[in-house]
Structures are given as structure tokens and as C-alpha cells.
Amino acid sequence: MANNAQTRTNRALMCIDSLSTSVGKSFAWLILVLTTAMTYEVFVRYALNAPTTWAFDFSYITYGALFLMAGAYTLSRNAHVRGDFLYRSWRPRTQALVDLMLYITFFLPGVSALAYSGWGYAATSVRFREVSIFSPAGIPIFPLKCLIPVAGMLLLIQGVAEIIRCGICIRNGAWPQRLHDVEEMETVILHEQEYLREHEKQDRHG
Amino acid sequence: MTDPQIGISMLILFIFIIMLGFPIAFTLMAMGVSFGFYAYYVPGQEVFANRVFTLLVQKCFEVASNDVLIAVPVFTFMGYIIDRANILDRMFHALQLAIGGMPGALAVATMIVCALWGIASGIVGAVVVLMGLLALPAMLRAGYDHKLSSGVICAGGTLGILIPPSVMLILYGAIAGVSVVKLYAAAFIPGFGLTAAYIVYIVALAMWKPSLAPMLPREERSASLGVILYEILVSFMPLTVLTIVVLGVIFFGLATPTESAAMGAAGALLMAVAYGADYSKRRNVLLLQGYVALSLVFTPWLIGVRSFGLPAAQWPFIAAALVTGSTFFAMMYQNTFTLEKLKESVFLTARTAAMVCWLFVGSAIFSSTFALLGGQGYVEQFVLSLGLNSLGFMLLAQAIIFLLGWPLEWTEIIIIFVPIFLPLLDDFGIDPLFFGVMVALNLQTSFLSPPVAMAPFYLKGVAPPQVTINEIFRGTMPYIWIVVAFMALMYAFPGMALWLPKYIYG
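So the sequence lines, in the order shown, correspond to chains A and B.
With the working numbering applied, the first sequence closes on residue 206, and no number is skipped along the way.
With the working numbering applied, the second sequence closes on residue 506, and no number is skipped along the way.
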């Protein structure tokens, strides 16, 4: 029974993680779109003497969508910055207890407020089919506003997953594994070095 | 309690929660919302009609449509790509040949590579570990002192976030409402000045105590002038040209920092493909040689067309773009810069951007609530009541930032704590531009000072076991003092920061 429940929790965790990850990664590709659009704008402005009317609005909409939708993905990688100079030295169980309390008292209310207020904000914008005021091109900005409540919802769901993780850690005394993903170059290299050292040690002993 | 007192307790509570290690962005958001709810509370009003909810979503949208912060993901993207182009070892080797005869040659070469690489990449962790794998063993093999060789890498690796184009200055610009372009111009001379000061220190130390940095054996630094020139050209030229173009375009106002960053990222992609191509295949050699020859002929002509009104036509530009695209597309076959590496850059960029920008969202709602409660005014009154002069205030502010750099990282300091000082600058007649460069210099130390010092810990992770963390920390100490001395020097001669922006923008 207990085992069954565990697999089910694990499956739910993986499900939420892959939801956040796939959304975040899909929107991550916008950086290529942004790079291309900006380069194109400079090219047509100087080389062809024909600046676009849409580039500026397009740029911040892409950037906004990129970081809003990557918020939950970043949370699922535990990559939001922490002031962790004390936290780092605690046992996993203590970490999980503190995290659990703060997720419930801080994270959930704050992010729910964002999702809730974002909803009304987006609804108003959609009703008017709001467009940007920065250029005559009439670039619609209501889609960007719609992403705010969506980002809030995704964060909320990911937050629930993190709370479950804290629960597992409190019970088992160790943090559960996360999905494999790309890592910062320094992290990858540090792991490789550690691995090499372990093996050297084993070779010497064995 | 009065409102300002509640504001101050909000700040104190916040600092306490930071210590608990919870993701700061969400701590800020929750505290901003709850204290804002109190500030906007109207008896008898429905819970959800409270104005704090509107404020929260407006602040969120302001960050999402901020035209300064767009540059953050784009510069980050450029950095991640440059980190994945294989040129670091070539640059280091070329410099070793070129300046092998001077005292402390390897350390100086390390410093120069770190600075140049850091300027283009701006990602401190990667620069430190890559140089730790490449330059540290080389220096140790040559008999260099442990402290000297590790200090150089840590100090050099962190220069990238000071020297423009740097993400740190973009964040400061967004917070202080100072033009990023002017900030870049202001940080230009201090950035290179600090690099020069580091190099002078290394050379002086190597001359004073040659045992710390023995000369390289002759066979490791003897090469014909032609070989040296070729190596320097191949390894340094593309990155240097890319950096100069990106910076030049910004300085001369030809494009916004974001557009310039985008061109830089596109250029970095081309560069990564060019370095990654398999040159044992004759096809790739011919392609690259042909491309370089063509661009040497056509670039001056294209620039001439635009600048001096030679007969203009659009087709040469379109042709140039198409040729560039197809040449590099052709070189992508069996390249070491794979789709996997591009993916890594894309995903890591999204994570870094989300980390920084969500912190901005949190900080925006937190600081508006803090100001609304009158906490900001309370701090201002308190500081004014101390009766400091401008120097005293500068010392106080910089000392606080220096101390915050011990436990915290630079993003938190810039986004959360620096805004508290900003409204006071006016009272003391300090130029926010000047203050920004001082802060950027100061935050160099936050990477080096224990206990939370990113650079030494990363270096320790890749260093051979005989180099201890204590040696690394002691190695970075002199550089912390150099930074402090340099800040004093800049305070005495503010022209170091303010002359260039004034000269360019009047």
C-alpha cells in the first residue's frame, strides 16, 4: 500500500515537473526569435533604410513571455536565487521543514494573489483587444497580459510539487531526485571532477 | 505602531526570512502583498477589492514590458554561446607564447584571457572553472605559488560583470533609471583600469619575489614571430572584433543595447560554428577562407556605401546576408558546436532570465509597499539625522554594500538593497551614474570574500587537491584590497568614471 502511494506521489511529481519544464523550454526558444528579430531590425534599418514599426513592441512581448513562462520551470530546477549561506549547512530534513513552512505561509498566498489579480487584469485587456500605444502598427499586447495569470497558475502548481518534495524529504531525510536537465557549465564540470576523484580513490584502494 | 515603523519591521522581517534561505523572489512578493494589503486596508471593504492586487499585477506587467531589462536575456544568451565555443585554450596558449618572457607571464596571460573572455561572456562561474582547468595546472606545473595562481583566476574571472557590456550594469540602470549606455561609458575606464591595476600588481609581485612566479622554460615560450602573430590573430581577433562591434554600436548610439546584444549573440553563434567546424575537411577550410576573403573586400565597400553616400543599392546587403547565412549553415555539418550546445544555451538563458526578472517582480511590489508605508522616508530621515557629509554617506553606503557582499550574491544586493540608497543620492549631491560604477566595483569583492564567495568555491571544485580553500581565499585577499584602493582613487578622481560619458554624450 505504502509503496503504491509512493509511486503515485512520484508520478504526480514527475508529471508536474515535466509540465513546467516543457512549457518553460518551449518558451525558452523565444530567445532565438528575439535575437533574430532584433538583428533583422538593425539590418533593415541600416542596410535597407526601412526600419520596421513592430520591432520594439515585439521585443518586449517576446522577452516578457520568455521570463514569465520560465518561472515555474526555474522553480522546478530549484534555480531561483536563495540567500543560502546558512541554509546550505543544515541537514536536508531541517531545510525541508523550513521550506515547507515558508512555501505554505509565503509562496502560496503571494503567488495566488498574482494569479488572481492577473486574471481580472487579463480579462479587461482581452475585452478591449488591447494594442500597444508605442507604435501605429497596433501590436496586440493582450496576449502578454494573459500570460501573467497563466504564469501564476503554473508557479502555483509547481509550488504544490515543491511542497510534496518537502514532505518526502521530511519523511526520508533526503531530497528526492529531480528530472535530469541541462546544467550550468560550472556545475557539469564540478560533477565530472568529483566523479573522477572518486574513481581515482577507488582505483587506489582496489 | 505607526506606519513607518511597520515599514521598518517589514524590512527587518524580510532580512530574517532571507537568512532562512527561501527563494527571495517569492519572499518579496508575499511580503509586498501582505503588508500592502494592510496599507491599503479600508474597513468594510471586500477582501479582493483591496488595491494591492491591482498594484501587484501592474508591477508584474511593468517588469514584463520593461525596455531596459530585455537586454538581460539577450546578453546572457550571447555569454552562454561564447562559453561553448572552443577558443579559451587557444587564446591562453597564444598569449603564453607572446608574453612568455615577462615576469609572471602565465599569471598575466591568465588575467588578460579572463578579462577579455569575461567581457564577452559575463558568466563568472564558467570563466572561473574553465580557467581553473586550463590555467591553474599550467601555472602549478611552472612552479607558481598556489595563492598567486588561484587569486589571479578568481579576481580575473569576476571582471566580466564589471566591464561593459555587463548584465550587472543593466540591472542597475533599470533600478536607478540611469541610461545603460551612459553607465557602460562610465564603467569603461574604471573596468580596464582595474584590470591594469591587477596586472601591475602581478608583475610587481613577480619581480619582487621571483620565486613565486618562476620564468617559463625557454622551449615553452620560443616561437617564431610569424607563428605568434598567426595564433594571436586566430584566437583573439574574432572575439575582440565582436566585443568592439557590440560596444561601439552601443556607444555611438547606432542601436539600443538590446539590439546590439542580439547582433552580438548572432555573431557569437557564427563564431562558435566557425571554431567548431572540422578543418581536417578541405571543404570547410575553403569555405572559411573564401568567406574571410570576400568579407575583407566587401565590408569596407558596404560601410562606404552607407557612410559616404556611394551609389546605394539594396541587393549587395541582401546578398551579403544570404552568403553569410549559407556559408555558416554549410559548416554546421559535423561541427563540435552541436544542436545540443545550442539547446543548453537556450534553456540556461531562460532560467537565468526567469531568476533575475522574477526577482525584479518581487522587488517591485516590495519596494512600492515599503515606500507606501513610509519606510523609505523613515530610512531617509534617519540617515539625514546622522549629519553625514557626502563622503561620509558614500563611505557608509559602500561599507554596507561591501558587508552585504559577504553573505549575499550581487543580484540580490543590486535589486533589493541598492534601491534603498538611491533616493538619498540627491540629498548628498552624488551622481547616480558615479554611484553605480562605485557599486559595480564594490560588488567585485562579493565574489571573492568568504563565506559566500562564488569564485573561490568554484575554483576549489576544479583545483588539484594540494590547493586548499584557505590558500585560495588568501590568494584573493590582495585583489579585494586593490578594489578598495581603486574605489578610493576613483572617489578622489570622479573623472575616471564621468569623463567618458560626458565626452561622448555631452
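In case anyone wonders, no lab produced these hints; they're calculated from the structure.
Please read all numbers here as calculations on a predicted model, not as lab measurements.
Certain hints may be false.
Cross-link-like lysine to aspartate or glutamate pairs, in silico, DMTMM-like; alpha carbons within 25 Å at most [unchecked claim]:
no. : chain 1 : residue 1 : chain 2 : residue 2
1   : A       : LYS25     : B       : GLU471
2   : B       : LYS343    : A       : ASP203
3   : B       : LYS343    : A       : GLU184
4   : B       : LYS147    : A       : GLU194
5   : B       : LYS343    : A       : GLU200
6   : B       : LYS341    : A       : ASP203
7   : A       : LYS25     : B       : GLU62
8   : A       : LYS25     : A       : GLU184
9   : B       : LYS147    : B       : ASP426
10  : A       : LYS201    : B       : GLU471
11  : B       : LYS502    : B       : ASP67
12  : B       : LYS341    : A       : GLU183
13  : A       : LYS25     : B       : ASP426
14  : A       : LYS25     : A       : GLU183
15  : B       : LYS343    : A       : ASP181
16  : B       : LYS341    : A       : GLU184
17  : B       : LYS341    : A       : GLU194
18  : B       : LYS502    : B       : GLU380
19  : B       : LYS341    : A       : GLU200
20  : B       : LYS341    : B       : ASP89
Consistency of the hints with the structure:
no.: 1; hint: A/LYS25 <-> B/GLU471; verdict: 41 Å, violated
no.: 2; hint: B/LYS343 <-> A/ASP203; verdict: 35 Å, violated
no.: 3; hint: B/LYS343 <-> A/GLU184; verdict: 12 Å, holds
no.: 4; hint: B/LYS147 <-> A/GLU194; verdict: 22 Å, holds
no.: 5; hint: B/LYS343 <-> A/GLU200; verdict: 32 Å, violated
no.: 6; hint: B/LYS341 <-> A/ASP203; verdict: 32 Å, violated
no.: 7; hint: A/LYS25 <-> B/GLU62; verdict: 23 Å, holds
no.: 8; hint: A/LYS25 <-> A/GLU184; verdict: 15 Å, holds
no.: 9; hint: B/LYS147 <-> B/ASP426; verdict: 42 Å, violated
no.: 10; hint: A/LYS201 <-> B/GLU471; verdict: 23 Å, holds
no.: 11; hint: B/LYS502 <-> B/ASP67; verdict: 24 Å, holds
no.: 12; hint: B/LYS341 <-> A/GLU183; verdict: 11 Å, holds
no.: 13; hint: A/LYS25 <-> B/ASP426; verdict: 43 Å, violated
no.: 14; hint: A/LYS25 <-> A/GLU183; verdict: 14 Å, holds
no.: 15; hint: B/LYS343 <-> A/ASP181; verdict: 11 Å, holds
no.: 16; hint: B/LYS341 <-> A/GLU184; verdict: 11 Å, holds
no.: 17; hint: B/LYS341 <-> A/GLU194; verdict: 22 Å, holds
no.: 18; hint: B/LYS502 <-> B/GLU380; verdict: 30 Å, violated
no.: 19; hint: B/LYS341 <-> A/GLU200; verdict: 29 Å, violated
no.: 20; hint: B/LYS341 <-> B/ASP89; verdict: 18 Å, holds
Comparing the model with each earlier hint shows violations of hints 1, 2, 5, 6, 9, 13, 18, 19; every other hint is respected.
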